[in-house]
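Asker: The chain contents come next:
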Amino acid sequence: MEFFNNHTKLFTTAFLLFVGLTIFVCIIPALNNQTNNAPLPFAQPLSEEAIKGKAVFISNGCVACHTQQVRNVDMDKVWGERPSIAADYADNHRTDFWRNTATLMGTERTGPDLTNIGSRQPSKEWHLSHLFNPRIVVKESIMPAYPWMFEIKEKKEKGDVSVSVPEEYMNGEKGTVVAKAEALQLVAYIQALKQTKLPGDAPQPVFLYKKTGELTTDGKSAAPKELNGAMLYTNNCQSCHQQNGEGLKGAFPPLKGSKVVLDENPELLVDIIMNGYSGREKEGFGAMPAVGTNNRLKAEEIAAIMNHERTSWGNNAKKVTADQVQKLMDKVKVTAK
Amino acid sequence: MNTLKSLIVVLLLSAGTSFSISAQEVKPVVTHVSTANGVVWLLTVMVLILFFAALYVYRKVKQIKRFSDKSDQKTAQLKDYLNSMDARQIEAYLKFKKNKSENHGRQGISVLIWLAVTLGLSFFSNIVHAQGQGAQRSFWAEGGVIITLVLIAIPILAGVFIMIMKIGSLFKVYQNKQILEEAERLAAYLRESETGEIEELLLKRKKALDFTLSHQELSGDRLPEDSKGLLQQVNTNSVLPLVAAKKRAIKRPPIDPALSKLILWFIGTAAFWLIFGTTVGEYLGIKFVAPDADQFSWLSFGRLRPVHTNAVFWGWASLGMLGLGYYVVPRVSNVPLKSIKLGWYTLYLINITVVLGTICLMAGINNSGGEYREYIWPVMLLFGIGLLLTLINFIQTIASRTTKEIYISNWYIVAAVIFAIVIAIVAYVPVWQDGLGETIIQGYYMHQGVGMWFMLFTLGIVYYFLPQQLNKPIYSYSLGILAFWTQILFYTVIGTHHFVFSSIPWWLQTTAIVGSVGMVIPVAAGTTNFILTFKGGWYKLPSSYTLPFFLIGIIFYFTGSLQGTAEAFRSTNLIWHFTDFTVAHSHITMYGIICFFLWAGIYAVVPRLTGKEAPQITIGAHFWLALIGLLFYTIPLMYGSTLKGMMWMQGKPFIDSVVFMAPYWLWRAIGGSLMWLSHLFFVYNLYKMFTGSTTVDIREAAIEKLNQSYTSTESSL
Chain G
1 MEFFNNHTKL FTTAFLLFVG LTIFVCIIPA LNNQTNNAPL PFAQPLSEEA
51 IKGKAVFISN GCVACHTQQV RNVDMDKVWG ERPSIAADYA DNHRTDFWRN
101 TATLMGTERT GPDLTNIGSR QPSKEWHLSH LFNPRIVVKE SIMPAYPWMF
151 EIKEKKEKGD VSVSVPEEYM NGEKGTVVAK AEALQLVAYI QALKQTKLPG
201 DAPQPVFLYK KTGELTTDGK SAAPKELNGA MLYTNNCQSC HQQNGEGLKG
251 AFPPLKGSKV VLDENPELLV DIIMNGYSGR EKEGFGAMPA VGTNNRLKAE
301 EIAAIMNHER TSWGNNAKKV TADQVQKLMD KVKVTAK
Chain C
1 MNTLKSLIVV LLLSAGTSFS ISAQEVKPVV THVSTANGVV WLLTVMVLIL
51 FFAALYVYRK VKQIKRFSDK SDQKTAQLKD YLNSMDARQI EAYLKFKKNK
101 SENHGRQGIS VLIWLAVTLG LSFFSNIVHA QGQGAQRSFW AEGGVIITLV
151 LIAIPILAGV FIMIMKIGSL FKVYQNKQIL EEAERLAAYL RESETGEIEE
201 LLLKRKKALD FTLSHQELSG DRLPEDSKGL LQQVNTNSVL PLVAAKKRAI
251 KRPPIDPALS KLILWFIGTA AFWLIFGTTV GEYLGIKFVA PDADQFSWLS
301 FGRLRPVHTN AVFWGWASLG MLGLGYYVVP RVSNVPLKSI KLGWYTLYLI
351 NITVVLGTIC LMAGINNSGG EYREYIWPVM LLFGIGLLLT LINFIQTIAS
401 RTTKEIYISN WYIVAAVIFA IVIAIVAYVP VWQDGLGETI IQGYYMHQGV
451 GMWFMLFTLG IVYYFLPQQL NKPIYSYSLG ILAFWTQILF YTVIGTHHFV
501 FSSIPWWLQT TAIVGSVGMV IPVAAGTTNF ILTFKGGWYK LPSSYTLPFF
551 LIGIIFYFTG SLQGTAEAFR STNLIWHFTD FTVAHSHITM YGIICFFLWA
601 GIYAVVPRLT GKEAPQITIG AHFWLALIGL LFYTIPLMYG STLKGMMWMQ
651 GKPFIDSVVF MAPYWLWRAI GGSLMWLSHL FFVYNLYKMF TGSTTVDIRE
701 AAIEKLNQSY TSTESSL
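Chains G and C, in that order, give the protein sequences.
For the first sequence, the UniProt record's numbering gives the first residue as 1, with consecutive numbering after it.
For the second sequence, the UniProt record's numbering gives the first residue as 1, with consecutive numbering after it.
Be careful, since some hints might not be right.
Label-pair ranges, simulated between beta-carbon atoms [stated by the list, open to error]: (1) G/151 x C/340: 30 to 40 Å; (2) C/659 x G/196: 26 to 36 Å; (3) G/199 x C/650: 55 to 65 Å; (4) C/610 x G/180: 46 to 56 Å; (5) G/44 x C/431: 20 to 30 Å; (6) C/359 x G/47: 23 to 33 Å; (7) C/352 x G/199: 43 to 53 Å; (8) G/199 x C/359: 40 to 50 Å; (9) C/514 x G/151: 52 to 62 Å.
DMTMM-like mimics (lysine to aspartate or glutamate), calculated; alpha carbons at most 20 Å apart, straight line [what the hints assert, rightly or not]: (10) C/652 x G/108; (11) G/139 x C/292; (12) G/139 x C/405; (13) G/9 x C/405.
Since the hints were made in silico from the structure, they are not lab data.
Each residue gets a CB set at the ideal place from its N, CA and C atoms; glycine is no exception.
Modelling step: build the complete structure from the supplied sequences, incorporating the hints.
Answerer: Quick look at the structure:
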């Protein structure tokens, strides 16, 4: 054909076809998205410290393994209260002259999603230990260690943030592990990663492909059968208190043989789960976040977790019921206020 | 007989229903696709077994029928038996006849038994043959459903098996009876014949059977001589070969040495980046198994991962493709390359890009995390300029072509360079990158980079080298054109299928999925075209060391691309998205397709440029290690990540899925090591092709010596 034997016509046509399609499926949608989405009204802009932390996150390529998107499918419910929407990313702009915008949505989930990590795991102590070497707190983790964000000092100086590191992770070195600025900035960023509440009148996005039958964190969908306390414990508590319930020396107190856990009256335990606890900071233990409230645990889920804690690792206390827990939850809510 | 027929009908019916049941089961159980797959497999195998069983029974029935029909015909049949007797049998018969005249009829019964056994044997061999097909078993077993199904299937299959054995033995009894009757008739016929007619016939037959060749029928008495010089590389010293000897590259007219040098540098630096990039990749694979292998910031996983991907993309694959492109474009235009100097600039620029990019990434300077877009813009700009220079060079070369047509290779190659420039501009211009705009661009960029740059360019290379290596034209030019335009049409829109279920617009996700399905057209067209080009040339496959690379590339082109389509569906995205399945897929495509095609092209072109070939045994080692390594890499990863995705769907704790993947990651590291090893062989081969063999050719050396002595005598005179 004549047309195909003319290189100008042939390559121009191919070029125009490609560019035309590019404009329609890429450039116009991209422009539309950036002009038609604004940050949510309650969205908290990142603090200066957190912005620096985001830069640390970017430069170490954390996005290779950590996504920051809750998809609108049921299985992603564990990562956030609602599916992510375009407005969640609207406040991302070009990083600087050299570097592009960082929405950091990611394409691989070799590690957990971080959309809501600030709510799920707000403990600074935990994150610092975890960054120094993830296997300190999560034995099975394959995340890299980031020791270069820390320094080992003979003595902690004023203003230093020390990190609790068991001896076997010190590589034979003696002293106190102290977080450098970049570690603290990174943790500030991680702590700032929280899903913003949607305004009350906005349409709520829904999770698709709902499961029927078994359930994990959603109390509504199943018959009133016994929940899997061990699994709920893994999801909500294990990263600090560990699978064996022994916690981590100098960072997270043990639940095994704990007076609070074994107490005949479960009120204090419910209180701690719902409102957090900082009563043992003097002993060197980190403050516990309000896990129950942050993760929106239901009474029956908390009951399952408590029963797991009260009957595992040699613990032997009476089981509690969901009703009992519900009552205590109402009570501690009042006292918390 | 009727019962047997009805039996077959029942068997076929049950096979059919089990199929339809399985088809129904697959649909609603979205969460258990893998298990459903297993069910389909298992049922397919069962149906096959039943089908073969039915076929076997049907054959038996027919044989019985044929036997009973035969009993009517008499002497004509018996004469046939005479013709099919072998020399030994004839001898025995003649002896019998001789004896008979002396000793009447004593051996009758023994002959009878002997004949029966001979006839029976031929039938027995039939039975054995048919039985061999009954036993097939699926190794694809997973999940409780499968186990249950297997448990149900075992007694059913055992029943079928026993039934067939029964029918078989019944048939044998009947058949033996028939054979004995037949033998009786034959024996009677032989015994009773008094004339010498049969003996004469048999003697003649015996003579024919005893005939042997003199071994000089074709050659005659003259000594062999190759007066036309048709025989090459005759090996008189035959030993048991370790590997099959393949054809050597055909000597071609010399290519402009300046161009040769440029191309070799492209290929050489590409090989360097292959080794570098895959060493990094290999190390990353090890880090999945041993996360504390080192604790240096420059070597941490998050920084090295883009180093690996970018080095193999922009370093190895891009430079390799361009090197081959610089050979193909002027060749099919039938003119010299417009500017060799511009070619060198491209080479420098791209190499500098990868060096700088790698250093930046390891130092923690990146473009904010979009995959394959990690090089910051000042670095990627060099790459873009390099491509622009190449584009100008290529288009000017094509513009001055002396052929009327633009050969299809040049369509693909030039279009790929144009598109790559467009893609890079779209990806780096900061106007449309705020908020989710960045993600939409990212989806477009990463997929167009793969499909419009690597795939399109490589296809262009295949359209030249495959027909050339097969020494026949491409099967269909029209299919190539169809694939070209449909690739542009569909591939351009599929980028966002990497963000299915994310917060980018739903319609855009759907468009991407539809486009992914549309990709079936160019892929099927391309594959068909390549495979049909092989038609009539398959015999060349075993004797060539480049064609196997092409064939594997074609196979992965088909399977890898269609796997991409399958992955794009919403239902499969549920299971596979975010898991290592994506990693396996990208290796099937970038490695299985692109790398294998590139190696094929390199092994085809370098001997033409240097006149030297690599040892065939190390080429074979490269091929097999790469292929087996890739399979070890991808299959466990796909299997493991499917189960991982299902664990996520079941709401299992995340860390459980990490622990679960450990053995599959180990397999990935093993497969990766084999792949890496194959690259060492590749580089060795390249070295051999560059510098030539160290073994001295006796003939060459002798002639050299002669020349030397001639010139020395000349000068002394």
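Asker: Confirm or reject each hint.
Answerer: Hint check:
1. G/151 x C/340: 30 to 40 Å: Because 54 Å falls outside the window, the suggested range is violated.
2. C/659 x G/196: 26 to 36 Å: holds (33 Å)
3. G/199 x C/650: 55 to 65 Å: violated (34 Å)
4. C/610 x G/180: 46 to 56 Å: holds (54 Å)
5. G/44 x C/431: 20 to 30 Å: Since the Cβ atoms of residue 44 of chain G and residue 431 of chain C sit about 28 Å apart, the hinted range of 20 to 30 Å holds.
6. C/359 x G/47: 23 to 33 Å: holds (32 Å)
7. C/352 x G/199: 43 to 53 Å: holds (51 Å)
8. G/199 x C/359: 40 to 50 Å: holds (47 Å)
9. C/514 x G/151: 52 to 62 Å: The hinted range 52 to 62 Å holds for residue 514 of chain C and residue 151 of chain G, with Cβ atoms some 55 Å apart.
10. C/652 x G/108: Between residue 652 of chain C and residue 108 of chain G the Cα gap is close to 18 Å, so the pair holds against 20 Å.
11. G/139 x C/292: Holds. Residue 139 of chain G to residue 292 of chain C sits at ~12 Å (cutoff 20 Å).
12. G/139 x C/405: violated (65 Å)
13. G/9 x C/405: holds (13 Å)
This entry does not satisfy hints 1, 3 and 12, going by the numbered hints stated previously.
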